[in-house]
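Going down the list, the sequences are from chains A and B. Heads up: the first sequence runs through residues 106 to 327, numbered per this note's numbering. Heads up: the second sequence runs through residues 8 to 399, numbered per this note's numbering.
Derived by calculation from the structure, the hints in this document are not laboratory data. Among the hints, a few may not be true.
Derived DEER-like restraints, expressed as beta-carbon distance ranges [said to hold, decoys possible]:
1. PHE312/B with LEU295/A: 34 to 42 Å
2. ARG184/A with SER288/B: 24 to 32 Å
3. ILE270/B with LYS232/A: 52 to 60 Å
4. ARG279/A with THR289/B: 25 to 33 Å
5. LEU218/A with THR29/B: 32 to 40 Å
6. THR391/B with GLN316/A: 32 to 40 Å
Non-contacting residues of chain A with respect to chain B, defined by C-beta distances greater than 12 Å in every case (computed) [unchecked claim]:
7. ASN113
8. VAL118
9. SER132
10. SER164
11. ASN171
12. GLY249
13. ASP283
14. ILE284
15. HIS293
16. GLN309
17. ILE314
C-beta atoms are modelled at their ideal positions from N, C-alpha and C, and glycine is treated no differently.
Chain residues, written in single-letter form:
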Amino acid sequence: MIEIKNLNRYYQVGKERFYAIRDISLSIKKGEFVLFHGVSGSGKTTLLSIIAGVDRPSSGMISVNNELISKLPDQHLSRFRNREIGIIFQHYNLLESLTVYDNVSAPLIPERLSLKEIDKRVKKSLKIANISHKANSIASTLSGGEKQRCAIARALVTDASIIVCDEPTANLDRANIDIFLDILKKLHKLNKTIIVSTHDPIFQKLDYIDQIIHLEDGVLVS
Amino acid sequence: MNSPFFRFLLLSFYSEKAKQITVIIFSIIIIFILSSVLFLSTSMHYSITEALKYQPDFIVQKMAGDRRVNISERVTDELIEIPSIAKVTPRVYGRYFLKPLGKSFLVVGVDFFDVQSHRGLEKIIDNMDLNKFFKRRDNMLVGEGVDRFMREHHYDNNMTFFTPKGKAITLHKFATLPKNSELVSSDMVIVPIDLAKKILGIKRREVSDFAFNVPNILEWEIVTIKVSALDYDLRVINKKESYKAYAEFFDFKGGFFLSIFLIVLISFSLILYQRYSQLYSTERRNIGVLRALGWSIKDTLKLKFFEALLVVFISYTIGVSLAYIFVYIFHAPILKNIFLGSSNIMVEPTFVPVIDIFLLSSIFLLYAIPFIASVIIPVWRISTTNPKEAMR
Ligand SMILES: Nc1ncnc2c1ncn2[C@@H]1O[C@H](COP(=O)(O)OP(=O)(O)OP(=O)(O)O)[C@@H](O)[C@H]1O
Ligand SMILES: [Mg+2]
Numbered sequence: 106m107i108e109i110k111n112l113n114r115y116y117q118v119g120k121e122r123f124y125a126i127r128d129i130s131l132s133i134k135k136g137e138f139v140l141f142h143g144v145s146g147s148g149k150t151t152l153l154s155i156i157a158g159v160d161r162p163s164s165g166m167i168s169v170n171n172e173l174i175s176k177l178p179d180q181h182l183s184r185f186r187n188r189e190i191g192i193i194f195q196h197y198n199l200l201e202s203l204t205v206y207d208n209v210s211a212p213l214i215p216e217r218l219s220l221k222e223i224d225k226r227v228k229k230s231l232k233i234a235n236i237s238h239k240a241n242s243i244a245s246t247l248s249g250g251e252k253q254r255c256a257i258a259r260a261l262v263t264d265a266s267i268i269v270c271d272e273p274t275a276n277l278d279r280a281n282i283d284i285f286l287d288i289l290k291k292l293h294k295l296n297k298t299i300i301v302s303t304h305d306p307i308f309q310k311l312d313y314i315d316q317i318i319h320l321e322d323g324v325l326v327s
Numbered sequence: 008m009n010s011p012f013f014r015f016l017l018l019s020f021y022s023e024k025a026k027q028i029t030v031i032i033f034s035i036i037i038i039f040i041l042s043s044v045l046f047l048s049t050s051m052h053y054s055i056t057e058a059l060k061y062q063p064d065f066i067v068q069k070m071a072g073d074r075r076v077n078i079s080e081r082v083t084d085e086l087i088e089i090p091s092i093a094k095v096t097p098r099v100y101g102r103y104f105l106k107p108l109g110k111s112f113l114v115v116g117v118d119f120f121d122v123q124s125h126r127g128l129e130k131i132i133d134n135m136d137l138n139k140f141f142k143r144r145d146n147m148l149v150g151e152g153v154d155r156f157m158r159e160h161h162y163d164n165n166m167t168f169f170t171p172k173g174k175a176i177t178l179h180k181f182a183t184l185p186k187n188s189e190l191v192s193s194d195m196v197i198v199p200i201d202l203a204k205k206i207l208g209i210k211r212r213e214v215s216d217f218a219f220n221v222p223n224i225l226e227w228e229i230v231t232i233k234v235s236a237l238d239y240d241l242r243v244i245n246k247k248e249s250y251k252a253y254a255e256f257f258d259f260k261g262g263f264f265l266s267i268f269l270i271v272l273i274s275f276s277l278i279l280y281q282r283y284s285q286l287y288s289t290e291r292r293n294i295g296v297l298r299a300l301g302w303s304i305k306d307t308l309k310l311k312f313f314e315a316l317l318v319v320f321i322s323y324t325i326g327v328s329l330a331y332i333f334v335y336i337f338h339a340p341i342l343k344n345i346f347l348g349s350s351n352i353m354v355e356p357t358f359v360p361v362i363d364i365f366l367l368s369s370i371f372l373l374y375a376i377p378f379i380a381s382v383i384i385p386v387w388r389i390s391t392t393n394p395k396e397a398m399r
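Chain A extracted, bound-state conformation (with noise of 0.2 Å):
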């Protein structure tokens, strides 16, 4: 359960304050998969990047799952996005030098697990990823589409609720694409919450869809 209110993020340039987004209230229920629609500049980084955990709001309410996650000390914000949340960026960001097991690995690293329990969930989330097959690549020598399921695995890792994709479509061809669609839709079955970023609109044709929100400008169109 995602819960906007008067949501605003703006950037001071000089002495003027540019809004990414404003006044931006929002609702996202659980197991919900929502488009995040825009073109280019329109704030959608922005607000994704709000929910994730991994930006402030400069004003506004938002909680997550109850939590009013603005608010919480670094400790806790941290806690928050490694159990809750699930990211794969735009450009992945991967940790180019290590393998791909060591990658999606990596948000398990702070948890205290054991080296036991981290291989278990490390190989069943590269299963689901269906990239297994390149456990031992580096990283940067990974194709794009690779890369992409080198980071859905990583977001999979903990098990997180919500699932949170920036742009995923574009830097992929079409036989990626449709590999990655496949994967959210086993992820929606899970019950997973996904917000996807896009302005492909490759994504309005799929049935699955609950909400798409149409930003412009970093206000919301209905």
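Dock chain B with the ligands against the given chain A, drawing on the hints supplied.
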């Protein structure tokens, strides 16, 4: 400490080995220089302390202007009168110049029947067969430098000296002094006192100076005052002053090297700092990514701290070991010359390896603290910005 953390630490350390090796090599060079200088100066300190052990507590000389001149033997009686001076040793020594060759020997007259007065020579003389030595009236003991000189110039076992009046005295080499014994320099020629006086042109009732010991250090000051008061032209030197002269020299040299080291270290830290702050954008991004994946500020600091500690540990071990080998096994070539320069007050260092825990931990801290700080501070700054910014 959870083992997955250290596994991850080692993996990410290893995966960036090219970068880490560069840092480690720089670190090794810095630690090597620092430790070599400290090892060398410890060695020197030790050697000097050892050498001074063999020197008398007090030396009394007669001055004419700024020059030492020979002193009448009778002063002994006046010195003995002073309480706390139990025994006075007259000393006879001087430089003998070989004008055409531009070389000189140190001629030392020794009372072979009073060896206790010659600390450092005691052992050598005790082991000598004095009956055999005094069978000839022209026997001498020579340092190895003199010995080499004699062989090179085909003197065999006899060398002729000329007194200032032009009289020739031929001496016979009885034995060569063992090297590496304190107080024995290689250009020494040791002969009985009367022969030394003849060669150096010292009058029969005169000597070069006097030496004596005062066991109670608290009395040194008053003894110095009393002896100086005997005559206006007497100079009194005590061992404390020699220590002071050496100490000043060391403080100067040590300070000099320490400042050079600090400059090097500071610039190195600045480079590191820069690298972590701006230049190294992947480092920045990776920290941002870990943060976004749910690592807390504490977690990322911990990772980078142990990474830096690993670098310090590897560099320290290798750097100190190399310095140890360089100084104690190879006797610090080049560095020794830079350090000692052309200074002539120096005793040759003996390079006795001393494992000094205090010294070793000083080296560690002098390096580790600035190094870790220059890594951790930028990492801390990146970690505390929000992950979205750090990843840009
Ligand atoms: N750190 C920043 N400082 C100043 N302006 C920023 C900053 N980050 C984002 N913005 C601005 O906020 C606006 C919204 O950016 P955002 O990244 O959310 O757009 P977006 O919809 O994700 O675009 P795209 O489809 O190109 O990814 C943009 O105009 C951008 O220039
Ligand atoms: Mg974006």
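Task: In rising order, the numbers of the hints this structure does not comply with - done: Violated hints: none; all satisfied.
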